[in-house]
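There are 2 protein chains.
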Amino acid sequence: MASLQCSPVYKTFIRQLSTQHRVLRNITVIHSPVLHKSFSSSSRTMTAEKILNGRNMNSQVRKAEYAVRGELAIRSETLKTELAKGAKLPFKRIVASLVEYPELLKDENAEAAAKFYPSDAIARAKLLLENIGSVGAYSHSQGIPHIRESVAKFISERDGYPADPSKIFLTQGASAGVQLTLEMIVSHNKVGVMIPIPQYPLYTATLAVLDANPVPYYLDESKEWGLTSKELQRAYDESNKMGIETRALVIINPGNPTGQCLTEDNMREIIEFCSKNKVILLADEVYQTNIYRPQDRPFHSFKKVLKSMGPKYEGFEMISYHSISKGMIGECGRRGGYFECEGLDEEVMEQIYKISSISLCPNVQGQIMVDLMVSPPKKGDPSYPLYKKEYDGIYNSLIERASILEKTFNSLEGCTCNSADGAMYLFPQIRLPAKAIAAAKAAGKQPDHFYCMAMLESTGVCMVAGSGFGQVEGTAHFRSTFLPQPELFDEFCSGIKNFHADFMNKYRD
Amino acid sequence: MASLQCSPVYKTFIRQLSTQHRVLRNITVIHSPVLHKSFSSSSRTMTAEKILNGRNMNSQVRKAEYAVRGELAIRSETLKTELAKGAKLPFKRIVASLVEYPELLKDENAEAAAKFYPSDAIARAKLLLENIGSVGAYSHSQGIPHIRESVAKFISERDGYPADPSKIFLTQGASAGVQLTLEMIVSHNKVGVMIPIPQYPLYTATLAVLDANPVPYYLDESKEWGLTSKELQRAYDESNKMGIETRALVIINPGNPTGQCLTEDNMREIIEFCSKNKVILLADEVYQTNIYRPQDRPFHSFKKVLKSMGPKYEGFEMISYHSISKGMIGECGRRGGYFECEGLDEEVMEQIYKISSISLCPNVQGQIMVDLMVSPPKKGDPSYPLYKKEYDGIYNSLIERASILEKTFNSLEGCTCNSADGAMYLFPQIRLPAKAIAAAKAAGKQPDHFYCMAMLESTGVCMVAGSGFGQVEGTAHFRSTFLPQPELFDEFCSGIKNFHADFMNKYRD
Numbered sequence: 001m002a003s004l005q006c007s008p009v010y011k012t013f014i015r016q017l018s019t020q021h022r023v024l025r026n027i028t029v030i031h032s033p034v035l036h037k038s039f040s041s042s043s044r045t046m047t048a049e050k051i052l053n054g055r056n057m058n059s060q061v062r063k064a065e066y067a068v069r070g071e072l073a074i075r076s077e078t079l080k081t082e083l084a085k086g087a088k089l090p091f092k093r094i095v096a097s098l099v100e101y102p103e104l105l106k107d108e109n110a111e112a113a114a115k116f117y118p119s120d121a122i123a124r125a126k127l128l129l130e131n132i133g134s135v136g137a138y139s140h141s142q143g144i145p146h147i148r149e150s151v152a153k154f155i156s157e158r159d160g161y162p163a164d165p166s167k168i169f170l171t172q173g174a175s176a177g178v179q180l181t182l183e184m185i186v187s188h189n190k191v192g193v194m195i196p197i198p199q200y201p202l203y204t205a206t207l208a209v210l211d212a213n214p215v216p217y218y219l220d221e222s223k224e225w226g227l228t229s230k231e232l233q234r235a236y237d238e239s240n241k242m243g244i245e246t247r248a249l250v251i252i253n254p255g256n257p258t259g260q261c262l263t264e265d266n267m268r269e270i271i272e273f274c275s276k277n278k279v280i281l282l283a284d285e286v287y288q289t290n291i292y293r294p295q296d297r298p299f300h301s302f303k304k305v306l307k308s309m310g311p312k313y314e315g316f317e318m319i320s321y322h323s324i325s326k327g328m329i330g331e332c333g334r335r336g337g338y339f340e341c342e343g344l345d346e347e348v349m350e351q352i353y354k355i356s357s358i359s360l361c362p363n364v365q366g367q368i369m370v371d372l373m374v375s376p377p378k379k380g381d382p383s384y385p386l387y388k389k390e391y392d393g394i395y396n397s398l399i400e401r402a403s404i405l406e407k408t409f410n411s412l413e414g415c416t417c418n419s420a421d422g423a424m425y426l427f428p429q430i431r432l433p434a435k436a437i438a439a440a441k442a443a444g445k446q447p448d449h450f451y452c453m454a455m456l457e458s459t460g461v462c463m464v465a466g467s468g469f470g471q472v473e474g475t476a477h478f479r480s481t482f483l484p485q486p487e488l489f490d491e492f493c494s495g496i497k498n499f500h501a502d503f504m505n506k507y508r509d
Numbered sequence: 001m002a003s004l005q006c007s008p009v010y011k012t013f014i015r016q017l018s019t020q021h022r023v024l025r026n027i028t029v030i031h032s033p034v035l036h037k038s039f040s041s042s043s044r045t046m047t048a049e050k051i052l053n054g055r056n057m058n059s060q061v062r063k064a065e066y067a068v069r070g071e072l073a074i075r076s077e078t079l080k081t082e083l084a085k086g087a088k089l090p091f092k093r094i095v096a097s098l099v100e101y102p103e104l105l106k107d108e109n110a111e112a113a114a115k116f117y118p119s120d121a122i123a124r125a126k127l128l129l130e131n132i133g134s135v136g137a138y139s140h141s142q143g144i145p146h147i148r149e150s151v152a153k154f155i156s157e158r159d160g161y162p163a164d165p166s167k168i169f170l171t172q173g174a175s176a177g178v179q180l181t182l183e184m185i186v187s188h189n190k191v192g193v194m195i196p197i198p199q200y201p202l203y204t205a206t207l208a209v210l211d212a213n214p215v216p217y218y219l220d221e222s223k224e225w226g227l228t229s230k231e232l233q234r235a236y237d238e239s240n241k242m243g244i245e246t247r248a249l250v251i252i253n254p255g256n257p258t259g260q261c262l263t264e265d266n267m268r269e270i271i272e273f274c275s276k277n278k279v280i281l282l283a284d285e286v287y288q289t290n291i292y293r294p295q296d297r298p299f300h301s302f303k304k305v306l307k308s309m310g311p312k313y314e315g316f317e318m319i320s321y322h323s324i325s326k327g328m329i330g331e332c333g334r335r336g337g338y339f340e341c342e343g344l345d346e347e348v349m350e351q352i353y354k355i356s357s358i359s360l361c362p363n364v365q366g367q368i369m370v371d372l373m374v375s376p377p378k379k380g381d382p383s384y385p386l387y388k389k390e391y392d393g394i395y396n397s398l399i400e401r402a403s404i405l406e407k408t409f410n411s412l413e414g415c416t417c418n419s420a421d422g423a424m425y426l427f428p429q430i431r432l433p434a435k436a437i438a439a440a441k442a443a444g445k446q447p448d449h450f451y452c453m454a455m456l457e458s459t460g461v462c463m464v465a466g467s468g469f470g471q472v473e474g475t476a477h478f479r480s481t482f483l484p485q486p487e488l489f490d491e492f493c494s495g496i497k498n499f500h501a502d503f504m505n506k507y508r509d
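Just so you know, the sequences run in chain order S and D.
When we follow full-length UniProt numbering, the leftmost residue of the first sequence carries the number 1, and every step to the right adds one.
When we follow full-length UniProt numbering, the leftmost residue of the second sequence carries the number 1, and every step to the right adds one.
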C-alpha cells in the first residue's frame with residue numbers, strides 16, 4: 001500500500017510498482033480536484049435544511065468504517081500517480097483484446113492477426129465467444145455456464161474432490177460475493193458473525209451496514225498470528241452470553257492483513273468447531289496462490305480439508321471465495337471472482353440466485369478473466385513460456401521483497417514483524433513513544449493512524465493503520481504490502497527507515 | 001424480451017436479434033443444466049437441519065421479487081440461444097480491444113495496427129490509457145476522474161447548464177447506483193419511496209431488501225401513461241396518514257415498462273411537488289436516447305428543467321441515473337453507468353463515497369464504455385460515418401418496429417396498447433376470458449403470468465407479465481420489447497398473433 005509524493009523518484013517508483021502488479025488499493029490519483037471539490041463545494045449553510053442529511057440518513061451506513069479506503073486513502077488520493085501502461089502477462093490481455101473485437105478472429109484476417117496474437121490466445125477467444133456470444137450482452141445472472149464449468153474443473157483438480165458448477169456463483173470481485181452472502185445470513189440485529197482480529201475491513205463495514213454484530217476472535221501475534229479453537233470458543237461463548245446468535249465464522253486464509261497460512265490440522269479443528277457450534281464457515285481464500293513457504297506452509301482449501309474428513313461432515317455449510325484481484329495476475333480493476341457453496345439449503349441457494357439477478361449479471365469481462373485465471377496457458381501452448389516466465393518472475397520477486405521488508409521492519413526501533421507465509425502484506429507492531437501518543441490524541445487521531453499520516457506526508461508511502469483492521473487494545477500496527485519493484489525496493493525501505501528514525505527522534509520521551 | 005424454442009427459425013431470429021442489439025435481459029441459455037441442477041441436487045431431507053434455511057435467513061431478502069428475472073426468465077433459461085458473434089458499432093469495440101492490449105498502440109506496431117484500427121480509435125485508446133493507467137488496476141472508487149469529466153461535459157452540452165465531475169459517481173450499471181442511493185435514504189422501516197405503477201421491479205426488489213415502503217402512484221393508461229401531481233399528492237397523503245415518512249420519488253423517464261416521455265410542463269409540476277413535500281427526486285433516465293417522437297415528445301433531463309426554474313429551487317435534492325445498457329449502444333454485459341447528485345448534503349456525499357469504496361471501484365471496462373457513450377465519434381473522425389450509419393440504422397429500425405408491434409397488439413382480440421414515445425417497451429393490456437383466469441387460478445398463477453408462460457411454451461417468445469411491474473387491480477398486461485430484427489419481425493408478430501388467437505379460442509367463455 002504505497003503512494004507517492006511529487007518527487008520524481010517516487011513517481012518512477014510508483015509507475016514501476018503499478019506495472020509490476022496492479023493491486024494498488026491505496027495508490028490512486030493525485031490532486032483529485034474532482035473528489036476534493038465534491039465535498040467542499042456544497043454549501044455548509046444548507047446542510048441543516050436538507051431532506052437527507054447526516055443525521056437522518058441510514059445510520060447503519062454511517063456506522064460502517066472502511067479503513068483501506070478511509071481518510072488515509074483519501075489523503076493519498078490528493079497525491080498524483082502515473083499508473084502502468086505496460087502490458088504484462090500478455091495471454092490474458094490478448095484474449096481480453098480479442099473477445100472485444102471478434103473481427104480479428106475471422107478466417108480472412110487470420111494471417112494479419114497472427115502477427116499480434118498467438119494461436120492459443122486466438123483459440124481461447126474463439127472458444128469463449130462460442131460459449132458467451134457477445135461480451136456486450138447480459139449473461140446468466142449466476143455467471144456464464146461455460147466459465148462456471150472451468151471453475152469447477154479448477155477446484156476439482158486443486159482439491160482432488162469433485163466440484164459442481166451449479167454451486168458456483170461468479171461475482172464482481174470477492175467483495176461483492178461476501179456482501180451478498182452476509183446479506184443472506186443476517187436476518188435480525190442479534191445475528192453475530194465471527195471475524196478475526198486483525199481482519200480485512202470489508203467484514204466489519206458490511207456487518208455495520210447490515211446492522212449485525214461482529215464477534216471478534218483474536219489471532220495470536222506471538223505465535224505467528226496463529227488461531228486456536230479455544231479462542232474461537234471463547235469468542236462464541238462470550239457473544240452467546242450477550243444474547244448474540246452467532247451464525248457464521250469468517251476465516252481469511254492466507255491472512256489479510258496478517259499473512260499467515262493455516263495448517264491442515266488447524267483447519268480440521270476449525271471445521272469441528274463450526275460443526276459443533278452450528279456455525280457456517282465463510283472461507284476467504286483470495287490469496288490462495290500467494291504462498292511463500294510452499295514446503296512448510298502450503299495452501300489447503302477448506303473444501304479439500306472438509307472432504308478429507310469423511311461422511312461425518314456431509315451437509316456441512318460453507319462458502320468459499322476467490323478473486324482475480326490477487327495472485328500473480330492481480331486484475332483488480334476488472335472486478336471478477338466467484339464463490340462456491342457447499343452444503344447450503346436449497347431454498348437459500350434459490351434466494352442467492354434471485355438476489356444475484358437483481359443486479360442482472362456480473363460484468364462479462366470480469367467473468368472472462370476468471371476463466372483465464374482458472375485455466376491459464378499449459379505446457380506446450382505457444383503462450384506458455386512467456387506466461388511461466390512472468391508468473392515465476394512476479395512470484396519470486398514477491399518472496400524476495402517479503403523477506404527484505406520483514407527484515408527492514410524488524411530493524412526499526414520499537415518495531416517487530418512476523419514473516420508472511422502468504423498473501424501480500426506484513427503487519428508490523430510499533431511501540432510509539434508517549435509523546436507521539438499524546439500528539440496523536442491532541443490531533444484527535446489514533447496513534448497508529450497518526451504515525452501513518454506522518455509517513456504519508458513525509459515519504460508519500462501510504463500504509464494502512466492497524467486500527468482499521470483491529471488489534472489488541474493498546475497496541476499499534478500498520479499494514480504494508482510488499483508490491484514495490486525490486487530495483488526500487490532499497491529506496492522504498494530506506495525511505496521508511498529514515499522516516500521512522502526521524503519520527504522516533506521527534507517524539508522521543 | 002424474446003426467447004426461443006428449438007425451431008431453426010427462432011434460432012436464426014434470436015441470433016439476429018442479439019446481433020442487432022444486446023439488451024437481452026431474458027434471452028439466455030438453454031438447457032442450463034448447471035443452474036437447474038443447482039436447486040435440485042441438494043438433498044431436500046437435509047433442509048430442516050440446515051443452520052441457514054428458508055425460514056431463518058434474512059426475511060427481507062425473501063420478500064424481494066424481481067419479475068424480469070423471475071420464474072419466466074428461469075424457464076426461458078432452459079431454452080437454448082446462440083448469442084451474437086458479430087461486432088457491430090465497431091468504434092467502441094475497437095477502443096475496448098485496444099486498451100486491453102496497449103502493445104498495439106506502440107509506434108513500432110503502428111503500421112500493422114492501422115490495418116485493423118482506425119486512427120481516431122487509436123487516439124482515443126491512447127488518451128484513455130494516459131488517464132487510466134492500466135485497465136487491470138483499481139481505479140478511484142468514485143470513478144476515473146477523466147471519465148467523470150467526460151460525463152460532466154456531456155451533461156453540460158445536453159442541458160446547457162454546467163455539471164460538476166465531483167458530483168458524478170460511476171457505477172456498475174444504473175441498478176447498482178439505484179441500490180446504493182436507496183440504501184442511503186432508507187434509515188428506518190417507516191421510510192417510504194414513491195414509485196410509479198407500473199414500475200421497473202428493481203425498485204420494489206431493492207426497497208424490499210431494505211425493509212422500506214414502496215409508495216405507489218399510478219400512471220394513467222387511458223392518458224398514454226400520463227402522470228399528474230394530483231395523483232402524486234394522493235399517494236403521498238395516503239401513505240402519510242399511515243405513518244409512512246415519504247422521502248423520495250422515483251420517476252422513470254422515458255418510462256419502463258410504459259414507454260411514455262414526460263413533457264417539460266409535467267416535469268416542472270413534479271419538481272414543484274417534490275419541493276413542496278420535501279421529497280428527493282430520483283430520476284431514472286437510462287432511456288434518454290431512446291426517443292421515438294423527438295418533435296412531439298423530446299427528452300428533457302430533470303437537471304435541465306430544474307435549472308430552468310431559477311434560484312427558487314436552488315439546493316433542490318435530486319439524483320439522476322444513466323447507463324450504457326440502453327440507447328443505441330446497449331452494452332449491458334459490461335455493467336457501466338453513472339449517477340449525478342444535485343443539491344445533496346455534503347455529509348451524505350461523503351457517505352456515498354465511503355460506501356462506494358467498500359466495493360473498491362466500478363469495473364474499469366464499464367467505466368471506459370461510459371466514456372465512449374458520452375463522447376462518441378464526431379463528424380470528421382474516421383470512425384464517424386460507420387458509427388453514424390449503424391446508430392441511425394438501429395434507431396430507425398427501433399422506431400419502425402415499435403410502430404409495427406403496437407399495431408399488432410392493437411389488432412389482437414381484447415388487447416389495447418399505447419404507443420411508445422421512448423424506451424424499448426410496449427405494455428399492452430389484455431382482457432382475458434374468465435376461463436383463462438380460472439385456469440390460471442387452478443395453476444396457482446396470476447392470469448397475466450399464466451398467459452406469458454403459455455406464450456413462452458408455444459412460441460419461445462418471453463414476455464414479462466404485468467404483475468411483476470404492478471398494474472391496476474384486476475387488469476392484465478405484459479411487457480414486450482421491440483428489439484427483434486426487422487426482417488424477422490413479421491414472423492415474430494405473426495407468431496404472437498397465432499398464439500393469441502389459439503389461446504383466446506381455447507379459453508373462450
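Derived by calculation from the structure, the hints in this document are not laboratory data.
A couple of the hints might just be wrong.
[What the hints assert, rightly or not] Which residues of chain D face chain S? A few of them, derived with a C-beta cut under 8 Å, are:
no., residue
1, Ala112
2, Val135
3, Ala176
4, Val186
5, Met242
6, Ile244
7, Lys278
8, Gly333
9, Leu360
10, Gly380
11, Asp381
12, Tyr384
13, Leu386
14, Gln429
15, Arg431
[As the list claims (entries may be wrong)] In the DMTMM-like style, the derived pairs of lysine to aspartate or glutamate whose C-alpha atoms are separated by at most 20 Å in a straight line are:
no., chain 1, residue 1, chain 2, residue 2
16, S, Lys312, D, Glu49
17, S, Lys354, D, Asp211
18, D, Lys312, S, Glu487
19, S, Lys389, D, Glu314
20, D, Lys276, D, Glu221
21, D, Lys278, S, Asp211
22, S, Lys407, S, Asp211
23, D, Lys354, S, Glu221
24, S, Lys407, S, Glu457
Every residue, glycine too, gets a C-beta built ideally from N, C-alpha and C.
Status of each hint after checking the structure:
no. : hint                  : in the structure
1   : Ala112                : holds, 6 Å
2   : Val135                : holds, 6 Å
3   : Ala176                : holds, 6 Å
4   : Val186                : holds, 6 Å
5   : Met242                : violated, 20 Å
6   : Ile244                : violated, 15 Å
7   : Lys278                : holds, 5 Å
8   : Gly333                : holds, 4 Å
9   : Leu360                : holds, 6 Å
10  : Gly380                : violated, 23 Å
11  : Asp381                : violated, 18 Å
12  : Tyr384                : violated, 19 Å
13  : Leu386                : violated, 12 Å
14  : Gln429                : violated, 26 Å
15  : Arg431                : violated, 31 Å
16  : S/Lys312 <-> D/Glu49  : holds, 14 Å
17  : S/Lys354 <-> D/Asp211 : holds, 17 Å
18  : D/Lys312 <-> S/Glu487 : violated, 60 Å
19  : S/Lys389 <-> D/Glu314 : violated, 60 Å
20  : D/Lys276 <-> D/Glu221 : violated, 26 Å
21  : D/Lys278 <-> S/Asp211 : violated, 27 Å
22  : S/Lys407 <-> S/Asp211 : violated, 41 Å
23  : D/Lys354 <-> S/Glu221 : violated, 30 Å
24  : S/Lys407 <-> S/Glu457 : violated, 24 Å
Going through the hint list in order, the structure does not satisfy hints 5, 6, 10, 11, 12, 13, 14, 15, 18, 19, 20, 21, 22, 23 and 24.
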